[in-house]
Amino acid sequence: MAKIAAIPMILTALCVFVGGTLWTVVYSFTGSKLLPKAKWVGLDQYERLWNTNRWIVSIENLMIYGICSLIFSLVIGFVLAALLDQKIRFENTFRTIILYPFALSFIVTGLVWQWILNPDFGVQNIVRSLGWASFEFDPLYNQDIVIYGILIAGLWQGTGLIMVLMLAGLRGIDQEIWKASRVDGIPTWKTYIFIVIPMMRPVFITTLVLIASGIVRVFDLVVAQTSGGPGIASEVPAKYVYDTMFLRQNLAQGFAASTMMLLAVAIVIIPWAYLEFGSRKRD
Amino acid sequence: MTEAIAGFEGAHGPKPRRTFSRRNIFLYGTLIMVALYYMLPLYVMIVTSLKGMPEIRLGNIFAPPVEITFQPWVKAWAEACTGLNCDGLSRGFWNSVRITIPSVIVSIAIASVNGYALANWRFKGANVFFTILIFGAFIPYQVMLYPIVILLREIGLYGTLWGLVIVHSIFGMPILTLLFRNYFTSLPEELFKAARVDGAGFWGIYFQIMLPMSLPIFVVAMILQVTGIWNDFLFGVVYTKPDIYPMTVQLNNIVNSVQGVKEYNVNMAATILTGLVPLVIYFVSGRLFVRGIAAGAVKG
Chain E
1 MAKIAAIPMI
11 LTALCVFVGG
21 TLWTVVYSFT
31 GSKLLPKAKW
41 VGLDQYERLW
51 NTNRWIVSIE
61 NLMIYGICSL
71 IFSLVIGFVL
81 AALLDQKIRF
91 ENTFRTIILY
101 PFALSFIVTG
111 LVWQWILNPD
121 FGVQNIVRSL
131 GWASFEFDPL
141 YNQDIVIYGI
151 LIAGLWQGTG
161 LIMVLMLAGL
171 RGIDQEIWKA
181 SRVDGIPTWK
191 TYIFIVIPMM
201 RPVFITTLVL
211 IASGIVRVFD
221 LVVAQTSGGP
231 GIASEVPAKY
241 VYDTMFLRQN
251 LAQGFAASTM
261 MLLAVAIVII
271 PWAYLEFGSR
281 KRD
Chain V
1 MTEAIAGFEG
11 AHGPKPRRTF
21 SRRNIFLYGT
31 LIMVALYYML
41 PLYVMIVTSL
51 KGMPEIRLGN
61 IFAPPVEITF
71 QPWVKAWAEA
81 CTGLNCDGLS
91 RGFWNSVRIT
101 IPSVIVSIAI
111 ASVNGYALAN
121 WRFKGANVFF
131 TILIFGAFIP
141 YQVMLYPIVI
151 LLREIGLYGT
161 LWGLVIVHSI
171 FGMPILTLLF
181 RNYFTSLPEE
191 LFKAARVDGA
201 GFWGIYFQIM
211 LPMSLPIFVV
221 AMILQVTGIW
231 NDFLFGVVYT
241 KPDIYPMTVQ
251 LNNIVNSVQG
261 VKEYNVNMAA
271 TILTGLVPLV
281 IYFVSGRLFV
291 RGIAAGAVKG
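First to last, the sequence lines map onto chains E and V. Number 14 in my numbering belongs to position 14 of the first sequence; there are no gaps in the numbering. Number 164 in my numbering belongs to position 164 of the second sequence; there are no gaps in the numbering.
Rather than coming from a laboratory, the hints here were simulated on the basis of the structure. Note that this is a predicted model, so its numbers are computed, not measured. Hints should not be assumed to be uniformly reliable.
[Claimed, not checked] Derived pair list, reagent style EDC-like, types lysine to aspartate or glutamate, alpha-carbon separation capped at 20 Å:
{"id": "1", "chain 1": "V", "residue 1": "K262", "chain 2": "E", "residue 2": "E47"}
{"id": "2", "chain 1": "E", "residue 1": "K37", "chain 2": "V", "residue 2": "E154"}
{"id": "3", "chain 1": "E", "residue 1": "K39", "chain 2": "E", "residue 2": "E60"}
{"id": "4", "chain 1": "E", "residue 1": "K87", "chain 2": "E", "residue 2": "D144"}
{"id": "5", "chain 1": "V", "residue 1": "K241", "chain 2": "E", "residue 2": "D243"}
{"id": "6", "chain 1": "V", "residue 1": "K262", "chain 2": "V", "residue 2": "D87"}
{"id": "7", "chain 1": "V", "residue 1": "K262", "chain 2": "V", "residue 2": "D243"}
{"id": "8", "chain 1": "V", "residue 1": "K241", "chain 2": "V", "residue 2": "D87"}
{"id": "9", "chain 1": "V", "residue 1": "K262", "chain 2": "E", "residue 2": "D243"}
{"id": "10", "chain 1": "E", "residue 1": "K33", "chain 2": "E", "residue 2": "D174"}
{"id": "11", "chain 1": "V", "residue 1": "K241", "chain 2": "V", "residue 2": "E154"}
{"id": "12", "chain 1": "E", "residue 1": "K33", "chain 2": "E", "residue 2": "E47"}
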């Protein structure tokens, strides 16, 4: 009976997660255009992929976005959690305010920040009207910095979650540690950096994996905020895959690109899984 | 003066001293600045949606409206155009309702039974499937998009509402199954054994013992799914047709359409309307929401 009840799970695991993934990888070696056809072309799709400027731009953007978002999420998330952990009043109010963007979709997030960063009406216009006429801040219209405009929106949406996880981690630290460090006269910041953060290693790793797997998925935020523009300056891999498969009917090219995404995720996940579950078995 | 902080269990850090110590000014000052920054976009959305277009063109986006008008809200809800349809976001709203309700029910039903089977029945190969499921949660959706198109086309559900329900059930499965499995595992095993001795079967135990005992986790799962599915964009745009596009897709089409004059106030009203459902759930559910995302984030 249990097995029959678990049929949806078995089907999902085998047909979609394993089967679907293998299917995509296999068909990335074909010349499929509008419909999937098993006409083998070897590594042609990958060669074309890495010769496509748009893909290179997507990868560069993902790297910049990924690295900045990792660093800033972790730092801001931790600092906010540490501030909230100082036995303050209104802790719940502050937490509620900082976390609420996480309830909103990336579409909503992208559209709000598109409006705030609008150079004619938003931040740039306001600073100029205060008298600084040459002030320039138009990330969404400037090819060189557009990805940072998206980063601002992404951080606004996601740091709350990291903060909550870090706060849970901080609450898990033994009170005695703080007492001991106070007795020894170690300054608070030193206690954080040399004692508390090393103790929170598992929390940091979890958040790291979480942020990293979220970064690869960035799609709706870019669609809403810039539609990949100006030009192709804010394209990301997930959008490249969607566009090639569904708008340009170039299926196999999309499969090749998504296989590269899979590879990138595997590079992050497999060592983590090995450390996490491998060591658990040994215990 | 010392702050009385009973009830903040587990909070630590140095003991606070006077209320207006330099430390407190710094601490609260920083937190208030941060809170203001996070509130800013919501504030800007609301004030922009209440202004008329002439006022927007003249003024600054942070200024409160001089003349409050609800016209943009009416227009966003009932008149805004996407393509040839000019019946506003209400269409997308009802589509999202029609998508979200069955998706939430089906995905939770499947996942709770999975979790129960995994926690209490441990059939042969169960761990293999569960491991695949958990790793599946990390596979980028893009990898599985097209195979699912083929699967749905085979069973004749591509482009339909029920097709999308299946997709949401599939992609919600890893995290929800994990959630339920962990919860059911934490229940005392004696209960299960006693019921077995009394001759209760698989479904009997599920409906009479497990279900009534785990209402809180069902609420957590519901919060997780309602917000997740309501906020979805990718699956909506890939697996449905324009007449059943969910609200997020329609919102994006309204705001980012290249035709016509940009009406920023209508756009912002539409944006708030789309964000309203998850926001209300967030503010009403409070700690349960946090519990849901924490459960979602910290893998067991």
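(request) Quickly compare the C-alpha distance for K262 of chain V and D243 of chain V to 20 Å and report which way the hint goes. (result) violated, 23 Å
(message) K37 of chain E and E154 of chain V were given as a pair; does the straight-line alpha-carbon distance stay at or below 20 Å?
(response) holds, 16 Å
(message) Can you confirm whether the C-alpha distance between K241 of chain V and D243 of chain E stays at or below 20 Å?
(response) holds, 17 Å
(message) Run the distance test for K87 of chain E versus D144 of chain E: straight-line Cα separation, threshold 20 Å.
(response) violated, 43 Å
(request) Starting from K39 of chain E, check that the Cα of E60 of chain E is at most 20 Å away, please. (result) The hint is violated at about 31 Å.
(request) Take a quick look at whether K33 of chain E and E47 of chain E sit within 20 Å of each other, Cα to Cα. (result) Holds, at about 16 Å.
(message) Can you confirm whether the C-alpha distance between K262 of chain V and D243 of chain E stays at or below 20 Å?
(response) violated, 25 Å
(message) Tell me if the straight-line CA distance from K262 of chain V to E47 of chain E falls inside 20 Å.
(response) Violated - the C-alpha atoms of E47 of chain E and K262 of chain V are around 41 Å apart, more than 20 Å.
(message) Please verify whether K241 of chain V and D87 of chain V have alpha carbons no more than 20 Å apart.
(response) holds, 17 Å
(request) Take the C-alpha atoms of K33 of chain E and D174 of chain E, compute the straight-line distance between them, and say whether it is at most 20 Å. (result) violated, 59 Å
(request) Would you mind confirming whether the straight-line C-alpha gap from K241 of chain V to E154 of chain V stays at or under 20 Å? (result) Satisfied, since the Cα-Cα distance of roughly 17 Å is no more than 20 Å.
(message) Run the distance test for K262 of chain V versus D87 of chain V: straight-line Cα separation, threshold 20 Å.
(response) Holds - the C-alpha atoms of D87 of chain V and K262 of chain V are around 18 Å apart, at most 20 Å.
Going down the numbered hints, you'll see the structure goes against 1, 3, 4, 7, 9, 10, while the others check out.
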